[in-house]
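Protein chains: 4
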Amino acid sequence: MNFQAILDDIVATVKPQLGAQGQVASYIPALARVSPQQFGIALRTCDGLEAASGDFATPFSIQSMSKLFSLTMAMQHLGDALWQRIGREPSGNPFNSLVQLENEHGKPRNPFINAGAIAVADRLLSHGDGVGQLLELLSALCNEPVHLDPEVAQSEAETGFRNHALANFMKSFGKLDNPVAAVLDLYFHQCAIRMSCQQMARAAGYLCRDGRHPYRPGVAVVSASQARRVNALMLTCGTYDAAGEFAYRIGLPCKSGVGGGIVAVVPDQLTLCVWSPALDASGNSLLGMQALELFAARTGLSIF
Amino acid sequence: MNFQAILDDIVATVKPQLGAQGQVASYIPALARVSPQQFGIALRTCDGLEAASGDFATPFSIQSMSKLFSLTMAMQHLGDALWQRIGREPSGNPFNSLVQLENEHGKPRNPFINAGAIAVADRLLSHGDGVGQLLELLSALCNEPVHLDPEVAQSEAETGFRNHALANFMKSFGKLDNPVAAVLDLYFHQCAIRMSCQQMARAAGYLCRDGRHPYRPGVAVVSASQARRVNALMLTCGTYDAAGEFAYRIGLPCKSGVGGGIVAVVPDQLTLCVWSPALDASGNSLLGMQALELFAARTGLSIF
Amino acid sequence: MNFQAILDDIVATVKPQLGAQGQVASYIPALARVSPQQFGIALRTCDGLEAASGDFATPFSIQSMSKLFSLTMAMQHLGDALWQRIGREPSGNPFNSLVQLENEHGKPRNPFINAGAIAVADRLLSHGDGVGQLLELLSALCNEPVHLDPEVAQSEAETGFRNHALANFMKSFGKLDNPVAAVLDLYFHQCAIRMSCQQMARAAGYLCRDGRHPYRPGVAVVSASQARRVNALMLTCGTYDAAGEFAYRIGLPCKSGVGGGIVAVVPDQLTLCVWSPALDASGNSLLGMQALELFAARTGLSIF
Amino acid sequence: MNFQAILDDIVATVKPQLGAQGQVASYIPALARVSPQQFGIALRTCDGLEAASGDFATPFSIQSMSKLFSLTMAMQHLGDALWQRIGREPSGNPFNSLVQLENEHGKPRNPFINAGAIAVADRLLSHGDGVGQLLELLSALCNEPVHLDPEVAQSEAETGFRNHALANFMKSFGKLDNPVAAVLDLYFHQCAIRMSCQQMARAAGYLCRDGRHPYRPGVAVVSASQARRVNALMLTCGTYDAAGEFAYRIGLPCKSGVGGGIVAVVPDQLTLCVWSPALDASGNSLLGMQALELFAARTGLSIF
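Residue numbers (my numbering), protein chains in the order written: chain A, 1 to 304; chain B, 1 to 304; chain C, 1 to 304; chain D, 1 to 304.
These aren't lab readings, by the way, just hints derived from the structure by calculation. The reader is advised that the hints may include incorrect statements.
The list makes no distinction among identical chains, and a pair is therefore deemed to hold if it is satisfied within one copy or across any two copies.
[Claimed, not checked] Here are the simulated lysine to any residue pairs, SDA-like style, with alpha carbons at most 25 Å apart:
#	residue 1	residue 2
1	Lys107	Asn93
2	Lys107	Arg249
3	Lys107	Pro36
4	Lys107	Ser282
5	Lys15	Arg33
6	Lys107	Asp280
7	Lys107	Phe161
8	Lys107	Asn2
9	Lys15	Ser35
10	Lys15	Arg249
11	Lys107	Ala297
12	Lys15	Phe161
13	Lys107	Pro16
14	Lys107	Ala30
15	Lys107	Ala157
16	Lys107	Glu151
17	Lys15	Ala32
18	Lys15	Leu137
19	Lys15	Glu136
20	Lys15	Gln154
21	Lys15	Glu158
22	Lys15	Asp177
23	Lys107	Ser26
24	Lys107	Arg162
25	Lys107	Phe173
26	Lys107	Asp8
27	Lys107	Ala57
28	Lys107	Thr159
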């Protein structure tokens, strides 16, 4: 397939709609001032072929996409023991809801809602890892240095009252081992990591190649079975309360972030990242989702 | 792959555990008296190859597996208009919960929870279809006459108070067009259909062959896109509140029923049905789920 | 106190607002066609003094006010055993909500929400009582024959889907002993009883005189302790999800109905009934509530 | 009535059960080490007559009973404007639940659940008041200096994760104007105030005398109407999710705390405080509740 032509075509189709619909995340100033007039897309196949179009080289705040990699680190360290503290089911509720957490005594439904990612951060801290290790992993995975924006991390810490509430709530159930402040510090910093579409498409590459490192063929980031399971979790839980909609319309495992990025996996074939800052009501990139739908339609690629 | 050997091996592995764990559905006498000492498995590939082992020819009550075919009929007739009345998201709640239905004003989350299937039945009635049409569809799909057990339908009508509650609740929100009694009559009858593993593996065949009829190659049961979308719905919503667990452990679109059957799809390859009456706490066949996990592990087949 | 002057004054104050705000209950035709241009008020003291003004002699559909008397009958027969099936706490939810009932396994929070009154009806049936006994009790209490409107009962049966849902839901938890149809038949008939303000103020008289019958001084309708407890239940649960508001603004035990009536008790002093068909968002009579507030302010009568 | 004899009799009846049932609050060490073998009771009439028995002079941690006085201060300052941020309805949920707060966008149901009292603390801070003003009010009301236990306040701050969650949650909805840390600091300090039964019975005295100060007859603590409304709120919301039970069994406005104290009001007659540290499942003093029931039975005093 001529992926470059397909991506160029998607950019041409999507660009006229830039800024027409959706809202840039506005809960912190650093995100609110990002221009909605941006769209990038990049992919990398299992064989290392690449294609990219639009603003594919512009770094953006990866936000919840970081949950994919913190989960990966936690699976590396803990294996199935991780699931003692975190479930694996879709939540059926908004990503930052506390209702379910109360009914389920502080055990988050899955690692991709905020509460679940905070619980993963707690597990990483107990293992001795922090944001430094996460940046190292990401830099290795995309073969380039990756950084974070300290202003964004600071803003999230100052205004992320809902996340403070979630962490204290889990702590009240005895479900966090580390101090709330330390756990949130890691969480807010991981959300503030900045990457481009191209970097993200590269970094997620182990998910389409049975866990093998995209740039170090002999290294297993995770096992083949774990890679498949991360993909399964992305499909059922990766896009907030729109997971059913993504599966229905796009048919690929995806993980989104409120920075406007979405990374998708076509198992055994490629990984793909789109980015456009304006979000729909579920918190997923509006044009990003549309671009993925176009990509699935043009290529026929779908896990179903 | 030597599917017959794999299925025989699964039967040999699973048989010693028959009856040791789980509970046969007991809410109606006709289901409660089914012996838990039964296990069957059957598959049929896109090319028409078949393999089967254990009690694969024994008819059982398909129960919620019927929702797959009533949904198929509704998609044939209504296309996307169906989704005005029914959502496409995992519910995050037990299959017969009313809580979410209240918050969402009587619109069921998806067509595979009971409320959603009752809404589908209402749509079918408005289109002029009933259980006769559904039996015709199933008979054609598995190339053999399919029947229902009127005693089971009668028992469900007499004791299915939760379903009566669900239907009246939706009616109170103006979300059913037909009389509650007529809608439930169809729903209880469709749940009382009896099929064997082999018949079910055959009947679901259109889901692994882009919607084409398993026995009439020139006939499209649904479009290729619709078939993929049904698979997506099965994966995210097909196994009650264990959809995340199925995706994680098995990695295939599945639809289960409290009669103990589970049908699974490997897109572009095969459809598979397992049956064993003892259920786990989520209402899914305990050994059926274990057999599917063995199958996925032995064959390496997974959508992820 | 010159009660007649106070009631006349309230009528004069309230009349100009008749029909300006609020909505007549519209879920059945027989209620929807009641004119909102009506307002009545009547009281009767412990000593048998009476005052009344406005449309105090016009019969109206007592609806949920009947729950006061079905509860009284159930307490007569069962005493504290009644509370095995029904709670005594405010629900914090709308009167016809199913959410709480699911969390609490079919045991209604209190006898004044619909689910609770349906459970009371089930208890009465098991004791051998029906709507005939309830009409007898009411006729004796107000010293005049009391009737019901069969058209209203029929309409409620045909359109009361939410109540059908509630009853089937409780039945599914094993919390109703009698057939759903029989229980609802009693419930719909009790709601269709018609009384005037004057009749209601008389009938509730035992609640301000330690349980003694308003017209037969030697007869105890309920014990003194039971009468106080019914008053307590009215205060905490008698006005749907506005009980706190009633306590705060009016300070008297009240029971309302969607027919627009509200009966209030001043312990050891008097009972009072107001009626005006237009309702507020909680389902309580808008002008009735305002009239009670005026009455409390003018007389200084309050239990607090 | 010979109140001293009645109180002595209650002490004699209750003492043999000391320590037999219930649990002392254990969430902070300073409360957990309080001996359950203590029981005190004290009352003061509108005329200034006093009676007291048992451990009536032992100071205890008033905990949530402080909410009565912080509400009083807020009503003094803000009047009805207070209710823009806080509701007046029973919650129907445990005192520290977050579920309802999410559905109602951060507006607490009433001022006596934790979320509501935190909202009241925020209002007081905005008015320039802190724990110093609250201690002044209490000292004046009971005519003796009142202090707080800084160790308890510190412990609550360090371990009160649920309250940290509630405050951050409300802040996330924009429903707190002051910094979370400042609001919680006031809240944790007010809960750490220590008073004896006798002091509490005296301090609450304005609630049985139309708002007039118990020791300064010419001073109105609140208006007569406000005093009645505080009593109404105590009755419908003052005892966590057991308000219906208190109204049914005791029939008096009450406010309880997890330190084991309960203060009750008999309007126009007296205020009463009982204390015994062992709690029931709702968080109310087990023997305190039983003592109030005995008191109501022996004296016939009830608002119903």
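Status of each hint after checking the structure:
1. Lys107 - Asn93: both (14 Å within a copy, 15 Å between copies)
2. Lys107 - Arg249: Between copies only: 20 Å across chains, 30 Å inside a chain, cut-off 25 Å.
3. Lys107 - Pro36: For Lys107 and Pro36, neither the intra-copy (36 Å) nor the inter-copy (33 Å) Cα distance is at most 25 Å.
4. Lys107 - Ser282: Close inside one copy (23 Å) and across copies (18 Å); limit 25 Å.
5. Lys15 - Arg33: within (20 Å within a copy, 57 Å between copies)
6. Lys107 - Asp280: between (28 Å within a copy, 21 Å between copies)
7. Lys107 - Phe161: For Lys107 and Phe161, the Cα distance is within 25 Å both inside one copy (19 Å) and across copies (15 Å).
8. Lys107 - Asn2: neither (45 Å within a copy, 42 Å between copies)
9. Lys15 - Ser35: This pair counts as within: shortest intra-copy Cα distance 14 Å, inter-copy 59 Å.
10. Lys15 - Arg249: within (21 Å within a copy, 40 Å between copies)
11. Lys107 - Ala297: neither (38 Å within a copy, 29 Å between copies)
12. Lys15 - Phe161: neither (35 Å within a copy, 47 Å between copies)
13. Lys107 - Pro16: Cα proximity of Lys107 and Pro16: none, with 44 Å in one copy and 35 Å across.
14. Lys107 - Ala30: Answer is neither: 31 Å inside a copy and 29 Å across each miss the 25 Å cutoff.
15. Lys107 - Ala157: Answer is both; intra-copy 23 Å and inter-copy 23 Å each pass.
16. Lys107 - Glu151: Close neither inside one copy (30 Å) nor across copies (31 Å); limit 25 Å.
17. Lys15 - Ala32: within (20 Å within a copy, 54 Å between copies)
18. Lys15 - Leu137: Neither. Shortest intra-copy (33 Å) and inter-copy (45 Å) distances fail the 25 Å Cα cut-off.
19. Lys15 - Glu136: The answer is neither: 34 Å in one copy and 49 Å across copies each exceed 25 Å.
20. Lys15 - Gln154: Classified as neither; 33 Å inside a copy, 57 Å across copies.
21. Lys15 - Glu158: Neither. Shortest intra-copy (35 Å) and inter-copy (52 Å) distances fail the 25 Å Cα cut-off.
22. Lys15 - Asp177: Classified as neither: same-chain Cα gap 47 Å, cross-chain 42 Å, threshold 25 Å.
23. Lys107 - Ser26: Result: close only across copies, 23 Å inter versus 29 Å intra.
24. Lys107 - Arg162: both (17 Å within a copy, 15 Å between copies)
25. Lys107 - Phe173: both (8 Å within a copy, 23 Å between copies)
26. Lys107 - Asp8: neither (44 Å within a copy, 40 Å between copies)
27. Lys107 - Ala57: neither (38 Å within a copy, 43 Å between copies)
28. Lys107 - Thr159: both (24 Å within a copy, 19 Å between copies)
Figure legend: structure checked against the earlier numbered hints; hints not met, in rising order: 3, 8, 11, 12, 13, 14, 16, 18, 19, 20, 21, 22, 26, 27.
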